[in-house]
Structure formats: structure tokens, C-alpha cells
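Undergrad: Chains A and B, in that order, are what the protein sequence lines are. Residue 1233 is where the first sequence starts when you use our numbering, and the numbers rise one by one after that. Residue 42 is where the second sequence starts when you use our numbering, and the numbers rise one by one after that.
Please note: incorrect hints may appear among the correct ones.
Said to hold, decoys possible - Derived SDA-like pairs: lysine to any residue, alpha-carbon spacing no greater than 20 Å straight-line:
1. Lys1478(A) - Leu60(B)
2. Lys1284(A) - Gln67(B)
3. Lys1419(A) - Arg1409(A)
4. Lys1419(A) - Leu60(B)
5. Lys1530(A) - Glu69(B)
6. Lys1478(A) - Leu65(B)
7. Lys1489(A) - Tyr1264(A)
8. Lys1531(A) - Leu60(B)
9. Lys1419(A) - Gln67(B)
10. Lys1270(A) - Asn1338(A)
Hints were generated in silico from the structure; no laboratory data involved.
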Amino acid sequence: MKQLLSLILSVLVCYQLHAEPFKFVALGDTAYGGAAVKAKYHELIDLINQAKPAFSIHIGDLWGAAICNEERYLEEFERFERFEQPVFFTPGDNEWTDCNRYAYGNYENVSRLELIRDIFFADATSLGANPMSMVRQADISQFIDYVENARWLYEDVLFLTLNVAGSFNNLQIKHERSIQEAFERHKANIAWLRDSFRIARENDLPAVVLSMHAEILDASTADDYLPGEFDDLVSEIQLAAYRFGKPVLLIHGDFHKFIIDRPFLESREPGRYGNITRLQVYGDPDIRGVQVGVDTSKKWVFSYEPIYVE
Amino acid sequence: MTNKKWLFTSFLLLALPTLAQVDLEQFENVTSEHYADSKSGFELAYPYRWQPRPPPAPSIDLLVSADSYNLPSFSVVVREVSTEEGEFPDQRQLAMELFSQSLGIGSQRLVEDLIEYDRATDFKGFSAFEVKFAFNSPIGEQIPLQMVILVFTDENKTYALAALDLYSPDSLSSDLLNIRDSFQILRGADE
């Protein structure tokens, strides 16, 4: 009898310790317009809540061309409270790398990034009504400013975010401080990417999900004989994925076009990076999300289902 | 259940994959790494590559480029031209040279032809030449590209900058307005 109880207990423990299939939602470039658009966004959040994903990932661009004043950041921070499940966030260009434009208020971009860090990344947790803990690069490395670069583990799948935003990733030649910031952040991003994939390799994890705002692939794949603005980062991702050898999902937004593809299959070395899948999320005016199924017992791990308001 | 069955069942359970115990808080700053795959022969080494690289050709007196990171809207190559102040170099030759350098064009990336160029003087203090190229891609396509050459003098030397728009045509004209300041930044980075 004692042995039977031990066996049952072992089965229960092992059952709980095995990676279970789960779903998360990816979304971004949301709600650029006024009240009507925000209302539609709220409907989408309601649908996401009903779907009960493990968490959501918002890849940035919380508003369109609008003044980057503090009130707007606070408003969007509160809007994240509508998510009943945790929601991880990585900033997009409209929140900061566009803010030095006239239509955005002529702010100094770095000052907006600092504001984002203060408001959205004050704690080592996700956003949402029921936040999840995450590990921030700033807390464990010499890259002490980068609270927005985070990673977390869910059912053995490693998730990480990189602060890589559209609008040239703040590498704006006419703003010296922006250039300096971009170069420094690039170092931090590469370090975070390399270290996260090191963890994935050393622990034999089944998959990695990498999220950022910028569309980094277009210039590097469509015209691979031209130098692209993100070539360096793309190369790093390729190398990391190649060494990892298991499914890698790159989630981004920026171009407002729903795409799922394996972007390097048509490259000169198609087999080398075939484990990289790219998901570009919907974007305004399509206020939609993508529910990503994760089943590490399947060969390609990830499956996709749009989720949106009719 | 017999002891043998118990042991067998326990063994099976232990053999099943379980959630990994992963330390996400251990950080290693990998600044350089060498990796070789003996199966495929694939080999790589990656120190940081965003630093400006040295001039690729001895004929270039001064080359400033953020090519290894790639400036977002355009890449910039600066060519110190040995001409008298105020005298413009041969535009076509200069365009070809700068274009090739900015792309790192190899034998399979030959510039096919210079389609046209327009000269627009006094563009925010520069002499600017807009040129359009077509070149043969590795798969045989003819790719039209547009670039702007800017010429200005600084410390009694004439400089030509090739700005190849890689991202957004709209951004190019606005960014060029401050390119003189940027040139100083880039030159500093190169030194």
C-alpha cells in the first residue's frame, strides 16, 4: 500500500513537472487612433482575456503619431491593467524613437526611453492585472540601464525581449545622443541575446521565443546583396539559432502586416537557419492579436491562430 | 505491486523528460566567441562588429562608414578628393567609386550603368548630385538604386560623401540636412 501511494505521488509530481502545451498571445502596433479605435482595442483585450492565454506579449507601438507626453504613457500603462493575464511589453518606435519628430512633440528620444523605463519597467515583473515575474538584464549584468530587456521561462520555453525599435532603432544620424544611445543599446542587446541562447543551449531547452518591435529582416533578406540597417543583429540571431538548433520564434511588428514565415529558407544556405520562424503581428488598423500555441512535444512546437474583433 | 514492477515503473517515470531547472539570473557577457561545426564545416567567430572598420582600399585617404552596424537610412562613405577648393571632381567617376565602396561590391556586384544624375548646387551648404544606378544582382536582375553625392570643403580639403538610401526616401532628405555635423561624429568614431 505504501509503495502504491508513493507511485501515485510520483506520477502526480512527474505529471506536473512535464512541459505542458500552452498558449500565449502576441500583439502590437495597436490603437493608433482616437476613442473609437481604443474601444476596439478594449474589445480585443476582452477577447484575449476570454481566451485565457498564459500571458501576452505586446511588441510595442501603443499609439500612433501623437505627443509623447507623460500623461499618454501613464494612460497606456493603466490600459495594460485591462489584461487579466500577464502581459510582457517591449517598446516600439512610437513610444520613443519617433518622439523627436514634430508630430510627436519634439522630445529628446532618450528622455522618452527613460520615461518608459520608469513607468513600464519599474519592477521585475510583467504588466497586467496579474503580473508574472521576469529577469531583467539590468538586474544581473553590467548593462544596468536595460530594464526593458527581459527573459522568462514558461514550460521549458525561454522567452526574451530586446529593445529594438522601428524608425532606425534610434540610430539617427542627426542626433548625436541618439547615435550614442543606439550603439550602447546594441551592445546590450547582443549580450542579452547571446547569453539567453547560451542558457537555452546549456539547459537543452526545446524552443526560444525572441520578441522585439522592429522589422529587422526585410533589408537583410529581400536584398541580401545590400547592407541592411539591422544586418548585424540578424546575423547574431542566425548564428544563435544555428547553434541552438531547435525551433526559434522571432516575434515583431512595425510593418503592420500579419506574416508567418521562415524568412531564411530562400537564402543562399536554406538549411542553415530553417529553424527560425518569424511572426509579424497585425497592426493598426487591424487591431488583432495572434494566439500562439506552444507544444514542445511537436517537431515545430508553434501553431498560430488569429484573434480579433469582427 | 512487486519490487521489480515498482523499480521498473519508477525508472520509466524518471526517464521521462521533466521541466528543466534553469538559472535565468546567471549572466555571462560573451564578447567574443569562436564556434566551429565539424559536421558542416561551418565556422564563425564573432567579436563585436559594430565598430568602424579600416579603409578597404589604400587609395582611399579617409573612409568613414558605419557599415558594420549600417546606418539606418543610408550608409555614408567619405572620400577625400584631391582637387582644388571649389573644383568639383568628375561626378560619374566619383559616383561609381563611392557607390562601389559603400556597398562593398565584389566581382559579382558590378555596377552596370549610370542612368542619370542631376546636379543641384547649394543644397543646405553642400553641392549635391543625385545619381541613379542600375547594377546586376547576383541572380541577374537589374536593380535601380539612387544615391546622393555631397561635396563640401573642410579645412581646405574637398570631401565627397555618398549617401545611399537603404531604407526610406523620405528620411534621406531630412537627415542630410545635418550631415555636416554627423560627419564630425563619424570621423571621430573612425579615429
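Undergrad: Hint by hint, say whether it matches the structure.
TA: Structure-based check of all given hints:
no.	hint	result
1	Lys1478(A) - Leu60(B)	17 Å, holds
2	Lys1284(A) - Gln67(B)	31 Å, violated
3	Lys1419(A) - Arg1409(A)	16 Å, holds
4	Lys1419(A) - Leu60(B)	31 Å, violated
5	Lys1530(A) - Glu69(B)	31 Å, violated
6	Lys1478(A) - Leu65(B)	19 Å, holds
7	Lys1489(A) - Tyr1264(A)	15 Å, holds
8	Lys1531(A) - Leu60(B)	18 Å, holds
9	Lys1419(A) - Gln67(B)	18 Å, holds
10	Lys1270(A) - Asn1338(A)	24 Å, violated
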